[in-house]
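Sequences listed follow chains A and B, in order.
Numbering-wise (the numbering used here), the first sequence opens with residue 145 and increments by one.
Numbering-wise (the numbering used here), the second sequence opens with residue 145 and increments by one.
It is possible that some hints are incorrect.
Where chains are identical, the list cannot tell them apart; a pair therefore holds if satisfied intra-copy or between any two copies.
Restricting the straight-line Cα-Cα distance to at most 27 Å, the calculated cross-link-like pairs of lysine-lysine (DSS-like) are [unchecked claim]:
| # | residue 1 | residue 2 |
| --- | --- | --- |
| 1 | 491 | 168 |
| 2 | 497 | 168 |
| 3 | 478 | 201 |
| 4 | 201 | 491 |
| 5 | 497 | 205 |
| 6 | 490 | 524 |
By construction, these hints were calculated from the structure, which means they are not laboratory data.
There are 2 protein chains.
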Amino acid sequence: MSVNIKSAATPKGFLFSTVEAAVKKPGRKDLAMIYSEKECIAAGMFTTSSVKAAPVKLDMKLIKSGSGRAIVVNSGNANACTGPQGMRDAVETAGLVAGLKGINRNSIYVCSTGVIGTPMPMERIRAAASGLVEGIGKSTMEDVAAAIMTTDTFHKVISVRKKIGGAMVTITGVCKGAGMIRPDMATMLCFITTDASIERMALDTALRQAVARSFNRITIDGDMSTNDTVLVLANGMAGNGMIKLKSESYKIFAGALAEIAYGLSEMIVKDGEGATKLVEVEVRNAKNERDAERGAFAVANSLLVKTAIYGNDANWGRIMAAAGYSNARFNPEKTDIFFNKVHVVKKGVMNNKDREATAEIKSKKLKITVDLQAWNASAKVLTCDLTENYIRINAEYRT
Amino acid sequence: MSVNIKSAATPKGFLFSTVEAAVKKPGRKDLAMIYSEKECIAAGMFTTSSVKAAPVKLDMKLIKSGSGRAIVVNSGNANACTGPQGMRDAVETAGLVAGLKGINRNSIYVCSTGVIGTPMPMERIRAAASGLVEGIGKSTMEDVAAAIMTTDTFHKVISVRKKIGGAMVTITGVCKGAGMIRPDMATMLCFITTDASIERMALDTALRQAVARSFNRITIDGDMSTNDTVLVLANGMAGNGMIKLKSESYKIFAGALAEIAYGLSEMIVKDGEGATKLVEVEVRNAKNERDAERGAFAVANSLLVKTAIYGNDANWGRIMAAAGYSNARFNPEKTDIFFNKVHVVKKGVMNNKDREATAEIKSKKLKITVDLQAWNASAKVLTCDLTENYIRINAEYRT
Numbered sequence: 145m146s147v148n149i150k151s152a153a154t155p156k157g158f159l160f161s162t163v164e165a166a167v168k169k170p171g172r173k174d175l176a177m178i179y180s181e182k183e184c185i186a187a188g189m190f191t192t193s194s195v196k197a198a199p200v201k202l203d204m205k206l207i208k209s210g211s212g213r214a215i216v217v218n219s220g221n222a223n224a225c226t227g228p229q230g231m232r233d234a235v236e237t238a239g240l241v242a243g244l245k246g247i248n249r250n251s252i253y254v255c256s257t258g259v260i261g262t263p264m265p266m267e268r269i270r271a272a273a274s275g276l277v278e279g280i281g282k283s284t285m286e287d288v289a290a291a292i293m294t295t296d297t298f299h300k301v302i303s304v305r306k307k308i309g310g311a312m313v314t315i316t317g318v319c320k321g322a323g324m325i326r327p328d329m330a331t332m333l334c335f336i337t338t339d340a341s342i343e344r345m346a347l348d349t350a351l352r353q354a355v356a357r358s359f360n361r362i363t364i365d366g367d368m369s370t371n372d373t374v375l376v377l378a379n380g381m382a383g384n385g386m387i388k389l390k391s392e393s394y395k396i397f398a399g400a401l402a403e404i405a406y407g408l409s410e411m412i413v414k415d416g417e418g419a420t421k422l423v424e425v426e427v428r429n430a431k432n433e434r435d436a437e438r439g440a441f442a443v444a445n446s447l448l449v450k451t452a453i454y455g456n457d458a459n460w461g462r463i464m465a466a467a468g469y470s471n472a473r474f475n476p477e478k479t480d481i482f483f484n485k486v487h488v489v490k491k492g493v494m495n496n497k498d499r500e501a502t503a504e505i506k507s508k509k510l511k512i513t514v515d516l517q518a519w520n521a522s523a524k525v526l527t528c529d530l531t532e533n534y535i536r537i538n539a540e541y542r543t
Numbered sequence: 145m146s147v148n149i150k151s152a153a154t155p156k157g158f159l160f161s162t163v164e165a166a167v168k169k170p171g172r173k174d175l176a177m178i179y180s181e182k183e184c185i186a187a188g189m190f191t192t193s194s195v196k197a198a199p200v201k202l203d204m205k206l207i208k209s210g211s212g213r214a215i216v217v218n219s220g221n222a223n224a225c226t227g228p229q230g231m232r233d234a235v236e237t238a239g240l241v242a243g244l245k246g247i248n249r250n251s252i253y254v255c256s257t258g259v260i261g262t263p264m265p266m267e268r269i270r271a272a273a274s275g276l277v278e279g280i281g282k283s284t285m286e287d288v289a290a291a292i293m294t295t296d297t298f299h300k301v302i303s304v305r306k307k308i309g310g311a312m313v314t315i316t317g318v319c320k321g322a323g324m325i326r327p328d329m330a331t332m333l334c335f336i337t338t339d340a341s342i343e344r345m346a347l348d349t350a351l352r353q354a355v356a357r358s359f360n361r362i363t364i365d366g367d368m369s370t371n372d373t374v375l376v377l378a379n380g381m382a383g384n385g386m387i388k389l390k391s392e393s394y395k396i397f398a399g400a401l402a403e404i405a406y407g408l409s410e411m412i413v414k415d416g417e418g419a420t421k422l423v424e425v426e427v428r429n430a431k432n433e434r435d436a437e438r439g440a441f442a443v444a445n446s447l448l449v450k451t452a453i454y455g456n457d458a459n460w461g462r463i464m465a466a467a468g469y470s471n472a473r474f475n476p477e478k479t480d481i482f483f484n485k486v487h488v489v490k491k492g493v494m495n496n497k498d499r500e501a502t503a504e505i506k507s508k509k510l511k512i513t514v515d516l517q518a519w520n521a522s523a524k525v526l527t528c529d530l531t532e533n534y535i536r537i538n539a540e541y542r543t
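Can you build the whole structure from these sequences, using the hints too?
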């Protein structure tokens, strides 16, 4: 699978830079910067793991200000489990760039992704810093997306333009992530820039809603990372009337943000390590959304379900079994299962559609619907199949 | 890996039978019976999934009597998600054998393992029933263990003999299970027979304690099945003084039962689908046993940890990351990690033992210790690595 977006629209006043710092090894650009000509309203969400990388801890402090100017990000090293030196390194990185560019150190967010537990090669970051600052404006959003890739096989960018409050507003998101994704955003970095003029509370609320039904509803392997970060910077340069919570323009903005987050999360699942199929699991008519989500995640995370899909085996019994241990409340004898539109299970037993089901399961984009037929809450989770290539990629990651 | 136990000791008064019923396909004995000359005290534990196979529902009713005489078990078909017909089939199976042998239908437990969602081939069970009853006494415990195998690569039997209450007591367990195992005993059938004389409450308590730290502390792939069952039958024919709760003889018996359950669960992990290594994960000095268990399970279930072990990559960062999202309370900056005896992580950062760690991770039997250095509770979980062969086995299971 590959997704190519040649030139995403860029929000006004945002500039980009990418350089080769050889963080892990030489040969590619692995240090990037997103820079706004004006100070921005900022919102962020971070990994809920109790093992947080140093830059995550730093950014969680900075985000309290609700503002920001730039993001500096490297791939190749997560700067996680690196002790007090890790935090000094993250702070130094921000300081280097701030000094060279003449901006406030506390308006620079630092992000890292890569191997855990290895100290940051600061001598190489120091050497690359001036090139990074001098390069501002010479790279594109796509270059940033490419620089932050680790096991990703394609770079991930989406742009949306909407007329809001009398002006054309652009929102653009880049992200990286291909494995270790699951509820609460695992090994996932996402940077969204927009020229919208928006109140801080409105931006924060829109982000939380967008993430809840996108990055927090995808799963590749059930793991979660130490570095997950979603940051949004809004510099107000579009000239729209200020977007306030609960307004009409908020709805349009929040919808566009949700669209970007969902689109990027779909790209992450498409790029699931070793994946050959994109799978949407929907649980319908559950007692409440939480139960529906639990059921959908149990199915989406089940190795037996994922390997069956990979093997083109319409083994719905594994889906029932996964729903059964999910803790979602339901009566198996009322439950229906569909593969795309094929009605495979009726009231908990097979519906003699084996041939049709086997044809459907070969789809590159498969939809599994589990209809509990009891209440009326639903949830959708995106996942992929599990293949020998996932094992190979992850068995050999550091070598 | 293979485990060969040529002749396990058999408790007095237990007889076995195995026949070919061609449940899934012909070519092997796939229907077995365990029979006691005398009525037994019985205890059982079952899957906690809300999708339970018909025989599980039947056995859960029967076990309320606290007694039993025989177990009839087939491989090749789980009789799960088979609706009301599934229950009729399980009841009919017990009735057939009861009629032919002239015993009470309600003293016969029925167990099934295999594919979910396919109706039981009752015409073949009916045809095989008389041979099964006639064959009582002509097979061994090992034959039963072989007949209940699905993806298992070796049969699993353990015997322990102890002098209890003035007599030699024998306890023998057989089980099957190689994938889909996790807390709450997944796709696992275990039958334990003993000639001990024991009170019902004592047998039940000993079983619950044994399972809590054995079958409920192993994980292959995080899945859980619709059919998991552990049954113990005690016929009292050893002639020992009745074992009562809290007595000295209870301690000996419970210890022996725990030894069997742990030994069998170790065999299941050794036989994990596609596994090349047996891995014990211990979390030490946690706030309480539940936290320790959570942490150990998160590490043991992490696909990234399991693939790293397979790839001989001493990637301790993935262990920290898994502990981090486990919800166990701890301070990463106080945490130590050991691979066997090599001290890999000291207070949350690497201890420069990469070469030694890489040597250890090649062990066929690896012990990972995560020492939280905070409180004093511990828990151990057994698991295995995750390989391309796991994918192959499970992608092609039904074909």
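Now for the hints, and whether the structure bears them out:
no.: 1; hint: 491 x 168; verdict: between (54 Å within a copy, 24 Å between copies)
no.: 2; hint: 497 x 168; verdict: between (51 Å within a copy, 20 Å between copies)
no.: 3; hint: 478 x 201; verdict: between (47 Å within a copy, 17 Å between copies)
no.: 4; hint: 201 x 491; verdict: between (49 Å within a copy, 18 Å between copies)
no.: 5; hint: 497 x 205; verdict: neither (55 Å within a copy, 33 Å between copies)
no.: 6; hint: 490 x 524; verdict: within (21 Å within a copy, 41 Å between copies)
Hint violations for this structure: number 5 only, all remaining hints satisfied.
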